[in-house]
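Visitor: With these hints in hand, go ahead and build the complete structure from the sequences.
Residue numbers (numbering that gives the first Met the number 0), protein chains in the order written: chain F, 0 to 74; chain W, 0 to 240; chain R, 0 to 770.
It cannot be assumed that every hint is accurate.
To be verified - Computed from the model, here is a short list of chain W residues facing chain R with C-beta under 7 angstroms: (1) K70; (2) A181; (3) S185; (4) P188; (5) G220.
Just so you know, these hints were derived from the structure itself, not from any lab.
Ideal Cβ placement from N, Cα and C applies to all residues, glycine included.
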Amino acid sequence: MPIFSFIAYPENSMKDQLIKDLSLIQYCEVKPSDNKDVLILLTDTPDEETNKNLINKIKDLPSLQSLSMTFGHTD
Amino acid sequence: MERPENNADHKLDSQPNNKSEKKLGKILLFFVVIGVIALPIIIFQAFSVKTGEVMAKMNTDPVSDFDHNAKQLFKVYDRTTSAYMEGASTSRTLDYYYSLRQYPGSPPFLPHDLVDEKGVELVCLSCHERGGFARTMNKFTPVTPHPQYTYCGQCHLKEVTKTLFKVNEWVSVQTPILGRSALAGSPPPIAHQLQMRENCIACHVGPGTVVPIRVEHPMRGNCRQCHVPEQVKELFTRNPK
Amino acid sequence: MTITRRDFIRSMALKSAAVAAATMFPGISFAGWKPTDLPAGSIQWNKTPCRFCGTGCGLLVGVSGDRAVAVKGDPKCSVNKGLCCVKGYHSVQILYGKDRFKTAYVKKNGKMVPTPIEDALDLVAQKMKEFIKEKGKDAVAMYGSGQWSIPDGYVSSKLFKGCIGTNNLEANARLCMASAVTGCLTTFGLDEPMGCYEDIDNADVFVTWGNNMAEMHPVLFSRMLANRKSKTHVKIIDLTTRSTRSSQAADISFIFNPQSDLALANAICYEIINNGWVNEDFVSKHVSFHKGKTNIGYGIQDHFKFKDKAETVDFEALKTFLEDYTPELAEKISGVSAKNIKYLAALYGDPEKKVTSFWTMGMNQHTRGTWINNLVYNIHLLTGKISTPGNSPFSLTGQPSACGTVREVGTLTHKLPHGVVMKEGARKMAAKIWGVPETNIDPKPTYHTVEMFRALDRGDLTFMWIQVTNPMVTMPKLKRYRDGAKKDGRFIVVSEIYPTPTSDVADVILPSALWVEREGFFGNSERRTQHNAQLVPRPGETMCNTWQIIQVARRLGFEKQFPWSQETYIEDIWNEYIQFHDTPKHRMAPYKELTQRSGIQWPYVEGKETRWRYNGKYDPACRDDTFDFYGKPDHRAWIWLRPYEPAAESPDREYPFWLNTGRVLEHWHTGSMTRRIPILHKAVPESYVEINPKDAMSLGVVEGSKVKISSRRGSLIMKASINGRGNPPMGMVFVPFFDESLLINEVTLDAFCPISKQPDYKKCAVKLEKV
Chain F
0 MPIFSFIAYP ENSMKDQLIK DLSLIQYCEV KPSDNKDVLI LLTDTPDEET NKNLINKIKD
60 LPSLQSLSMT FGHTD
Chain W
0 MERPENNADH KLDSQPNNKS EKKLGKILLF FVVIGVIALP IIIFQAFSVK TGEVMAKMNT
60 DPVSDFDHNA KQLFKVYDRT TSAYMEGAST SRTLDYYYSL RQYPGSPPFL PHDLVDEKGV
120 ELVCLSCHER GGFARTMNKF TPVTPHPQYT YCGQCHLKEV TKTLFKVNEW VSVQTPILGR
180 SALAGSPPPI AHQLQMRENC IACHVGPGTV VPIRVEHPMR GNCRQCHVPE QVKELFTRNP
240 K
Chain R
0 MTITRRDFIR SMALKSAAVA AATMFPGISF AGWKPTDLPA GSIQWNKTPC RFCGTGCGLL
60 VGVSGDRAVA VKGDPKCSVN KGLCCVKGYH SVQILYGKDR FKTAYVKKNG KMVPTPIEDA
120 LDLVAQKMKE FIKEKGKDAV AMYGSGQWSI PDGYVSSKLF KGCIGTNNLE ANARLCMASA
180 VTGCLTTFGL DEPMGCYEDI DNADVFVTWG NNMAEMHPVL FSRMLANRKS KTHVKIIDLT
240 TRSTRSSQAA DISFIFNPQS DLALANAICY EIINNGWVNE DFVSKHVSFH KGKTNIGYGI
300 QDHFKFKDKA ETVDFEALKT FLEDYTPELA EKISGVSAKN IKYLAALYGD PEKKVTSFWT
360 MGMNQHTRGT WINNLVYNIH LLTGKISTPG NSPFSLTGQP SACGTVREVG TLTHKLPHGV
420 VMKEGARKMA AKIWGVPETN IDPKPTYHTV EMFRALDRGD LTFMWIQVTN PMVTMPKLKR
480 YRDGAKKDGR FIVVSEIYPT PTSDVADVIL PSALWVEREG FFGNSERRTQ HNAQLVPRPG
540 ETMCNTWQII QVARRLGFEK QFPWSQETYI EDIWNEYIQF HDTPKHRMAP YKELTQRSGI
600 QWPYVEGKET RWRYNGKYDP ACRDDTFDFY GKPDHRAWIW LRPYEPAAES PDREYPFWLN
660 TGRVLEHWHT GSMTRRIPIL HKAVPESYVE INPKDAMSLG VVEGSKVKIS SRRGSLIMKA
720 SINGRGNPPM GMVFVPFFDE SLLINEVTLD AFCPISKQPD YKKCAVKLEK V
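Guide: Here it is in structure tokens:
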């Protein structure tokens, strides 16, 4: 059960869009900051393969500028 | 301002002068005029950093450690204005950054034309040495960590076609993972090789940086006090004699 | 079960992200979600001084559940104002090395066998009794350290000096800052710097004497850089025998020949007098002149004895004495050009410039360590640049409580918590506070550290209890002292947290509780006392060092002197200890205030810290509002006439290189803690020998080549580093001492300063061979 957390940086003025985009993706949980232009993303997937696909999918979001990982767990 | 090593001159600070008041008035006026002319230049200077002159003194022998060139790097830090250091405006992302490179640490492609809209040829270092806002590109310029090398075309090429001669099966390595702090909030180790990239300030500070790798504490001048390189992967083991 | 575990990991993941975000974006908040509310994810931040060097940075240690998980700089601590170095940021990882001692071990048939700690303590007490009965009280000894918490040092002094009645108590600070102590005592009559770290924000010129602050005191170094960046005129002058990271950051770096700092300092004084830069008013009111013995030896032989004798002289005598140290003559000794010496003197001499001098091991680990301390004070005294903001001769310490525990508690053979054993008044005071007969305290000092290990080798003492230090890595001329400790009939007790070369020679290993696993106090370089509470539980059977000593003391029959309960013993000990210092010259802050604040400087008088001593504007112990050097009976600071004398061993044809040893930024001392921090070990995994590129070329050695370093005492083989972190001049090599697999002290010499008895780890002669 791979569990990862990230700080996600939206593209300029696309924070709301990014929250929306991420919320629609399965296995994602979002904790937006209410005073800074970043959000915390938690991914909790059943297996490595799903996790890999999920990350690729997230990385393709036009509203996302970058992700930086803060926590990773796999077993 | 500069004192070459082991060759100090002995003059202490200058003596006070005793000009008459009339002259003083003229001098003041002169300074006001100069000031008006110089102001825009000063402001421009404040938002850019000029490193080439200092870095040109870098020893260009390949070396194993940052400290070999550290004198120049400390000087760059000393001369970079706080306004520049605090500058954060940029649209560059890490994905874009790596899209210009074959593998982490390879010389990037040139992402823009080498002539401006009027057809004037651009000189790389006129922008990439000092950073600051480039009107031709309408964005803040990333600064090269090695302005002492002036023949840029030796390593940095322009991509003119997307097609290949033959497909190549080479694959790159994983790009360094950010946020690899050992503890929550502790300073991460240096994720890349240091050769030709010893100058932390160039890429991690200022308005031209890639946002996720910009440091939030640019005013601290001794980066290696907290950020250390990773020389080996193994942990310590004892082998008592 | 799975669901619980998954929830736990999820909450850890969210918490990590929240902590990282909070670090990057101070003040960040998340609507409707508070990371600290998470049951498994809350981090409690608590203040503590850093475990490592003598800078004394304030840390906030983040505790989650029962584990320390994160560190940040304490913004309320005036020392570091929220900044740490890489060691500090990762310091909590020292608690969790896999090979941590969590139980006691006793040697049985040549093997270390896990033993309940109460049994091990019984054995320690029983052995002490046996040795005292058989061979007398001077057969047992305690060897501690500047990493001892203040209560550790205090109870060992009380047990050994007060109860058992032997002066066999030393600490590794003897190897670290004994010359700074004797320097302060001979010049000012009282120990410890007069200034404070605020000098760094006020000085115009910094002169670092043989001191690589960028690596050894990085937080103070950054503060210096910040001062220089904020003003245009601030200069950092680096005086060094080898080019270091600090040299790179300095405005100018002058490389001098080893030992010639004595000549340099005298030449600076010569120039100051010759150019009329003497602060005549200050000198006539606050300074007196003295000279001591010369040609004083190096202590290489067993039983070496030396006692200095002060003779009062006058300013004229100083002038005559300094005629041997014109810049031109000093150039011949030091290799620094006369022009540069004059430049340096002009900086010190300029009445408009505030000058701070910093030093640590370069001046202290020196066979004339006391002298060079005196000489740098001379420069500041002649110019009156002392005890005012920015004007400061400042010796920094290398261990977190070298000042607090060793210098203030006095865990050295000749010392008591107040005064020295030789003085009747000091013995009376100690006997009264300790509740022991005055006759218990022996008026004769026994062994200083080097001589103590020699005595162990000879068999004059047979029992040694070592706490919080690693002498089987740090003793110079190591082989003799290791062989001595292993001899039959010796009994070595080691209180440790991890296996080290010292625990390898132990008969009993007592597992210690460490740093934030117990309550305690440190005292940093600027007279700041810092309290830490216990923040996490003690693992296994580990026990606080203070409590170990109390347990043994009670088994020896001293229940009356060690009556405290485990709940309040640290507070009770503090309250007893500060009675020793209850005058305006040294009053310590009360326990409660120390628990609340990020360190308090002594003298702490009527709720006020003393920033600058000996200056009536700041120091309540002065007679009036001007300078008063009240440590000396004449209320003056003493200028000493101290000549240049050569090192104990210099390069010759057979051994043509100087060997210099020291530290690196990433590792702290013998590396027993920092090497178990993954990021630090990965950055600097092993020791190496720095060689000048030209010497390397003539030896046929390149980066990474194996080189054999040999001296008259031993040899070892290690990798060469060329153009690496430091660059020694031709004819010198440098080796860091942190690596227990590459013990450079097999090679070093046990010569010491006859006054301070501190060994010189910076100078001996070696040869190099390519392997």
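Visitor: Which hint numbers does the structure go against, in order from smallest to largest?
Guide: Per hint list: zero violations.
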